[in-house]
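Peer 1: Chains as they are written, first to last, in my numbering: chain G, 1 to 190; chain W, 1001 to 1592.
Simulated from the structure, these hints should not be mistaken for lab results.
Here the structure is a predicted model, which means the values were calculated and not measured.
Hints may contain errors.
[Claimed, not checked] Facing chain G, a subset of chain W residues (Cβ under 8 Å, in silico):
id : residue
1  : Glu1056
2  : Gly1191
3  : Leu1243
4  : Phe1282
5  : Thr1317
6  : Leu1318
7  : Gly1474
8  : Ile1475
9  : Phe1510
[What the hints assert, rightly or not] Here are the simulated EDC-like pairs of lysine to aspartate or glutamate, each with C-alpha atoms no more than 20 Å apart in a straight line:
id : chain 1 : residue 1 : chain 2 : residue 2
10 : W       : Lys1202   : G       : Asp155
11 : W       : Lys1202   : G       : Asp104
12 : W       : Lys1540   : W       : Asp1470
Where a beta carbon is used, it is the ideal one built from N, C-alpha and C, also for glycine.
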Amino acid sequence: MKTLLRPAVSLFVLLTAVTGVLYPLAVTGVAKTVFPEAADGSLIVKDGKAVGSRLIGQNFSDSKYFWGRPSATGPMSYNASASSGSNQGPLNPALVDAVKGRIDALKAADPDNKLPIPADLVNASASGLDPHISPEAAAYQVVRVASQRHLLPADVKALVAQHTEGRQWGIFGEPRVNVLQLNIALDALR
Amino acid sequence: MSNHAWILLGLFLVVLLLTVKPLGTYLANVMEGRFRLAGRIESPIYRLCGIRQDEEMGWLKYAFAILLFNVLGALAVYALQRLQADLPLNPQAFPAVSPDSAFNTAISFATNTNWQGYVGEATMSYLTQMLALAVQNFFSAATGIVVVIALIRGFARHSAKTVGNAWVDLTRITLHVLLPISVVYAVFLTGQGVIQNFDAYKDVTTLEVTSFETPKLDAAGQPMKDDKGAAITEPAQTPTQTLAMGPVASQEAIKMLGTNGGGFLNANSAHPYENPTPLSNFIQMLSIFLIPAALCFTFGRMVGDTRQGWAVLAAMTLMFVALAYGAMHFEQQANPLLTQLGVDPAAGNMEGKETRFGVADSGLFATITTLASCGAVNAMHDSFTPLGGLVPLIDMQLGEVVFGGVGTGLYGMLVFAIMAVFIAGLMIGRTPEYLGKKIEAFEMKMVSIAILVTPLLVLVGTAIAVMAVDGRAGIANPGAHGFSEILYAFTSAANNNGSAFAGLSANTPFYNVMLGIAMWFGRFGVIVPVLAIAGSLAAKKRIAVGAGTLPTHGPLFVTLLIGTVLLVGLLNYVPALALGPVIEHLVLWAGH
C-alpha cells in the first residue's frame, strides 16, 4: 500500500494541474482568439448595449411580437441562470392544464386563427431557453403580428422566411426560426 | 420513423464505423507503448512521481492503485465543493455546497456517473467546475479504459503474473488520447457557439419586460404560506435577463468524449450554450460512441485476432439500431391527450425537446447517451412518451454494455461474452473457453458478481425508496410515472449513467446518500471482479483451437452474445418495467 501512495498522490496532483488548469486555460486562449464572439456568448449588441444572445431565447407575451417556446424555468420564464425543462410526464394533469392554458392564450390573441396548433408553441422546451420555433409556429402567428403592427401579412411572411434556417447541411436537426432576431428585425421595420 | 430519422441514423453509423479502425489502432499503440513521442513526454512525469515504468502489477495491486486514485479524486471533489466560497474563480459568490450534495457529487463524478442533483449554473463556482468536475471527467474515463486494457491483457498474455502498470496506463490514456482530442473538440464546439470564458454572469436588457410571480417573504426572509401550506406569491417584473457564463466548451468536450455526461449547465446538452447547433449535436453523439467503438478494434488487435473485436462490435451495433429505432419511433407519436385539445400531432412529442433538434435528433441522442453510460441529455427524458422513455431505461438496464461507457462498456460486454461461452459450453458438455483461455469456476464466480451487482443495487434501492416516506416525497409526476422516476434514478446511478427522469427531487439527504452508495458499488463492485478475471486469465496457459472449440468471431457467436445480454437484462427487469412505463402506456392510450 505504501509503495502505491506516493505515485498515486503525485500523479493525481500533476495530472490535475494539466487537465484542470492548463487545459481549460489553453482552450480559453485559443477560443477567445479564433471565435471571440462565440466564446463570450454570441451577444446581440444594439446601440452599444447588450439586448440578448442569439442563442438564448427571451420571453415574449405581447401580441405584436412572435412568441417563442413556453419555458418552464423558475421563478420567471427564460431564466438564463437556471435552465430547466418542465419534466412533466405525458399523463400528468398539470401538463394537460398548462397546454390548455397556452392554447387559450393563443386563441385569445388571435380568435379567427383556424390553423392547426403547432406542438412546439404549446409544449415547454428542454432548456427553457430555446431560441427557436418551427416555421409552422411562426406561420401560425404571422397574421396576428401583422395586424397588431398594421403591416401586410405578406411583408411579415417575407421577414419570417428571411429568418428561417433549414436543416444544417441539409441533414442535421430541424428547420427553425430564431424568435429574438425575428422580433428585433420586426421592430426595425417601423 | 421519418426519412430524416433513417438518414440520420445511417449517417451516424457510417461515420462512427469509419473511425473505429484508425482510432482503435492508435489506442492499441498508445497502450502498448508503441507511440513514439510518448517516451519524451512521459519519462519526466514518471521520475517526478516515483513511478517505475517497467514495473508490472498483479491484478490485486492494479486494483488497489485504481481504487486509491479514485478515492483521492472523490476526496478532492468533495473538498473543493465544500471550500468553494473561500476559493477564487467564483464570480457569483456561490456558498459551499451542502455536505450530502457534495458527497453525492463527489462519488458521482469519481465513478463516471455524473448524476447531478444540483443546478450547475446556480451552485458550482468556475473553479469547482474545472478543477474538480472536469478533472474527474478525465480521470474516471481514464479509469474505465485502463481496466478494460488490463482485462484484454489477461486474454492476450499467458502464464503471466501481471496485467500492466496502472500509473503508466492512466498517464498514457490521459495525455495521448483524452487530452489532445478534447482540445480540438472544445475549440470546434466554441466555433458552433459554446461559451468559453471566465466572466461574471451577464445582464442583458430584454425586448419585453418579463412579468412573473415570486414567493412572498415574511419579515424574517422566509417564504410565506397560506392555510393549506401552498406558497403565497406576489407579482414581479424584470427588464433584464441574466445569462450564465463560464468555461463550458473545455468541460463539454471531455464530458462527451469520456462518456461522463455531467453538464456545466442544468439543462445539459439541451442548453443552447452547451449544444448550440444540430451539427454540434451530431458531433456530440458521435463523440459518445467514439472511444467505446474503437476499443473493440483495440481489443481484437491486442489479442491478435481483429475478427474477435469486430464480432463484439457487430453485436453492439445490432442492438443499438433496434433500440434507436424504438426511441425515435415512439417519440414521433404525439401525446393523444394533447392531440385531443387540438394540437397538431405532426411534430411528435415536443414537450421537453428543443426546436433545433426535434424528435429524431433527440430520440437518437437519448438512445446513445443511455446505452453508453454517458447520461448527457439534449431532451428531458421525463417528458418522453411512456414507451419512448422505456427505451432509455432498457438501454441502461442491459448493463451499459452496448457500446457502454469508455472501457466499461467493453469490459461489461466481455463479461457477457464469457457468460455466453459458458452457456454454450453447458449445452454441448465441454469446458468453455474464450480466446484460448479455459473458463473455470473462479472466472464464473467473478462474472456472476459483475453481472448481478447492478441489478441488485437497482431493484433493492428502488424497493427501499418506494417504501420510504423520504423516497416517495421526491416524486414529481403522479401515477405509474412516479414509480418510473424512482426506478430510473436507481437504474441510472447503479449503472453509472447519470441521466434522469429529472422531475424527481433527488437533492435530498435520502437520495444523495442512497444514490451515492449505488453509484460507488455499481462502479467498483464491477471493476474489482473484472480485474480479478484479468489476473486469473493472464496466469492461464493458452490452449490450442480444436475441432470442438466454439468460434467466437462468427454470426453464431454474435447471436449467442446478444441473446445472453437480452436474457439477463429481461429476466432482471421486466417485472419492474411492467409496473412503470408499460402501465403508463396502457393508461395513456386507453380509449384512443
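Peer 1: Does each hint hold? Answer for all of them.
Peer 2: Quick rundown of the hints versus the structure:
1. Glu1056: Constraint on W/Glu1056 not satisfied, violated at 13 Å.
2. Gly1191: 5 Å, holds
3. Leu1243: W/Leu1243 check passes; min Cβ-Cβ to chain G is 5 Å, inside 8 Å.
4. Phe1282: Check passed: Cβ of W/Phe1282 comes within 5 Å of chain G, closer than 8 Å.
5. Thr1317: Check failed: Cβ of W/Thr1317 comes no nearer than 21 Å to chain G, outside 8 Å.
6. Leu1318: 24 Å, violated
7. Gly1474: 12 Å, violated
8. Ile1475: 11 Å, violated
9. Phe1510: The hint is violated - W/Phe1510 has no Cβ within 8 Å of chain G, the shortest such distance being about 19 Å.
10. W/Lys1202 <-> G/Asp155: Measuring from Cα to Cα gives roughly 34 Å; hence the hint is violated.
11. W/Lys1202 <-> G/Asp104: Not satisfied, since the Cα-Cα distance of roughly 34 Å exceeds 20 Å.
12. W/Lys1540 <-> W/Asp1470: It is violated: about 50 Å lies between the C-alpha atoms, which goes past 20 Å.
Hint violations for this structure: numbers 1, 5, 6, 7, 8, 9, 10, 11 and 12, all remaining hints satisfied.
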